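Since the structure of chain D is already known, use the hints to place chain Y on it.
Number of protein chains: 2
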Amino acid sequence: MKRAISVGAALAAIGLFSAWAARAQPPAPEPGDGPRYSNGTDLIRPANYREWVFLSSSLGLTYEASGSASNRPPTFGNVFVNPSSYRSFMQTGKWPDKTIFVLEFRQSETAASINKNGRFQTTLAVVEAEVKDSRFPDGWAFFNFGSGPPGPAGVGVPPLSGDRAAPCVECHTQHTAVERTFVQFYPTLFEVAKRLGTVKPNYTDP
Amino acid sequence: MKRAISVGAALAAIGLFSAWAARAQPPAPEPGDGPRYSNGTDLIRPANYREWVFLSSSLGLTYEASGSASNRPPTFGNVFVNPSSYRSFMQTGKWPDKTIFVLEFRQSETAASINKNGRFQTTLAVVEAEVKDSRFPDGWAFFNFGSGPPGPAGVGVPPLSGDRAAPCVECHTQHTAVERTFVQFYPTLFEVAKRLGTVKPNYTDP
Numbered sequence: 064m065k066r067a068i069s070v071g072a073a074l075a076a077i078g079l080f081s082a083w084a085a086r087a088q089p090p091a092p093e094p095g096d097g098p099r100y101s102n103g104t105d106l107i108r109p110a111n112y113r114e115w116v117f118l119s120s121s122l123g124l125t126y127e128a129s130g131s132a133s134n135r136p137p138t139f140g141n142v143f144v145n146p147s148s149y150r151s152f153m154q155t156g157k158w159p160d161k162t163i164f165v166l167e168f169r170q171s172e173t174a175a176s177i178n179k180n181g182r183f184q185t186t187l188a189v190v191e192a193e194v195k196d197s198r199f200p201d202g203w204a205f206f207n208f209g210s211g212p213p214g215p216a217g218v219g220v221p222p223l224s225g226d227r228a229a230p231c232v233e234c235h236t237q238h239t240a241v242e243r244t245f246v247q248f249y250p251t252l253f254e255v256a257k258r259l260g261t262v263k264p265n266y267t268d269p
Numbered sequence: 064m065k066r067a068i069s070v071g072a073a074l075a076a077i078g079l080f081s082a083w084a085a086r087a088q089p090p091a092p093e094p095g096d097g098p099r100y101s102n103g104t105d106l107i108r109p110a111n112y113r114e115w116v117f118l119s120s121s122l123g124l125t126y127e128a129s130g131s132a133s134n135r136p137p138t139f140g141n142v143f144v145n146p147s148s149y150r151s152f153m154q155t156g157k158w159p160d161k162t163i164f165v166l167e168f169r170q171s172e173t174a175a176s177i178n179k180n181g182r183f184q185t186t187l188a189v190v191e192a193e194v195k196d197s198r199f200p201d202g203w204a205f206f207n208f209g210s211g212p213p214g215p216a217g218v219g220v221p222p223l224s225g226d227r228a229a230p231c232v233e234c235h236t237q238h239t240a241v242e243r244t245f246v247q248f249y250p251t252l253f254e255v256a257k258r259l260g261t262v263k264p265n266y267t268d269p
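Chains D and Y are the protein sequences, given in the same order.
When we follow our numbering, the leftmost residue of the first sequence carries the number 64, and every step to the right adds one.
When we follow our numbering, the leftmost residue of the second sequence carries the number 64, and every step to the right adds one.
The set of hints was computed from the structure by calculation and includes no laboratory data.
Be careful, since some hints might not be right.
Pairs involving identical chains hold if they fit within one copy or between any two copies, as the list cannot separate such chains.
In silico lysine to any residue, SDA-like type, Cα no more than 20 angstroms apart, as pairs [claimed, not checked]: (1) Lys263 to Tyr112; (2) Lys257 to Arg243; (3) Lys263 to Leu223; (4) Lys257 to Pro212; (5) Lys257 to Thr185; (6) Lys257 to Gly214; (7) Lys157 to Thr267; (8) Lys257 to Thr186; (9) Lys257 to Arg113; (10) Lys257 to Arg99; (11) Lys257 to Leu187.
Since we're looking at a predicted model, the values are computed, not measured.
Chain D on its own, in the form it takes in the complex:
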């Protein structure tokens, strides 16, 4: 009987400790919120990236040269990052291995509802991703999921390569404030990087 009580007490203690631990700790990184692949390097489009941490958005911030896109309404670009990598960056100013950024472009509209001047977001235009992962030759890779709905479950798209990857690599090497990421466009993160000294030495404030 005494033994039975001590078993019960042990279980109760474990339960109490678990409940306390769950409350006392900051929100734990979601298990497995990093990149997932098929065929080793084909990135599977994250199903829940809209619930990841939002870094910033822009309007009309295209890769195209001035004027070439002037006849189309500008698109919004929303950037999301997996939560565990976000928390790591806020403490270190650096991106851990297995960081995944999703860049979501959306069409914009104006003169609808109460809005007479500005622009707001509408339908999805295209989904892209940038990944930091030591499995890739130089540690980073870029992906384009296109404009359609997500593909078959569990099937990824291959990293951009050759001529399609070159402009990504060049721009993300020469013009980024922190590692290969445009942290200068993410105001809350840029402050962290400046405070922790992780802005590239050759980066000059715009």
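Leaving out everything else, chain Y in the frame of chain D:
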């Protein structure tokens, strides 16, 4: 000894079950991610709203009449909602009691870094909030945290009232697609509301 083994087995089983349960369940709603008050109805500015679920952003979508703000650069408006209410909405198309929206306005810049045409977000301009809470007479309240840094910890701001609240209430009653919220500007949520039939009967698509 046999008893000791069964205690060990029980603990191991609990550990395995806990690990399984933690992996099998969707991310749990953060405990206490709803509104917090001082003095009963003064809303405390949420410290971590940037880690909440992003609903959408807009550029130049002001409350002001056409032309009155034309000499100033447009501001971005980012909308965040507490995660547990987001998950509830995605299942029901309705906002549960204790839902809190944070509307964050940020200055915009252009012609910096690689960006020659569009606009991107910079410094914080103002933080506002809208809350659904049965403690308020009509179930909703609006708050303005101003443009400065967060105030003293644990001290809230009172809900807007009288002439300051009237335009909020009027606009959020007459022009909103779902309850008192501009779900028509949150594309991923608008689809859910249309599918679940929670768009107001008198709302007409812009």
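Each hint tested on the structure:
{"no.": "1", "hint": "Lys263 to Tyr112", "result": "neither (28 angstroms within a copy, 28 angstroms between copies)"}
{"no.": "2", "hint": "Lys257 to Arg243", "result": "within (16 angstroms within a copy, 40 angstroms between copies)"}
{"no.": "3", "hint": "Lys263 to Leu223", "result": "neither (25 angstroms within a copy, 44 angstroms between copies)"}
{"no.": "4", "hint": "Lys257 to Pro212", "result": "between (38 angstroms within a copy, 19 angstroms between copies)"}
{"no.": "5", "hint": "Lys257 to Thr185", "result": "between (34 angstroms within a copy, 15 angstroms between copies)"}
{"no.": "6", "hint": "Lys257 to Gly214", "result": "neither (39 angstroms within a copy, 24 angstroms between copies)"}
{"no.": "7", "hint": "Lys157 to Thr267", "result": "within (18 angstroms within a copy, 47 angstroms between copies)"}
{"no.": "8", "hint": "Lys257 to Thr186", "result": "between (35 angstroms within a copy, 15 angstroms between copies)"}
{"no.": "9", "hint": "Lys257 to Arg113", "result": "between (27 angstroms within a copy, 19 angstroms between copies)"}
{"no.": "10", "hint": "Lys257 to Arg99", "result": "neither (31 angstroms within a copy, 32 angstroms between copies)"}
{"no.": "11", "hint": "Lys257 to Leu187", "result": "between (33 angstroms within a copy, 17 angstroms between copies)"}
Hints 1, 3, 6 and 10, counting from the list given before, are not met by this structure.
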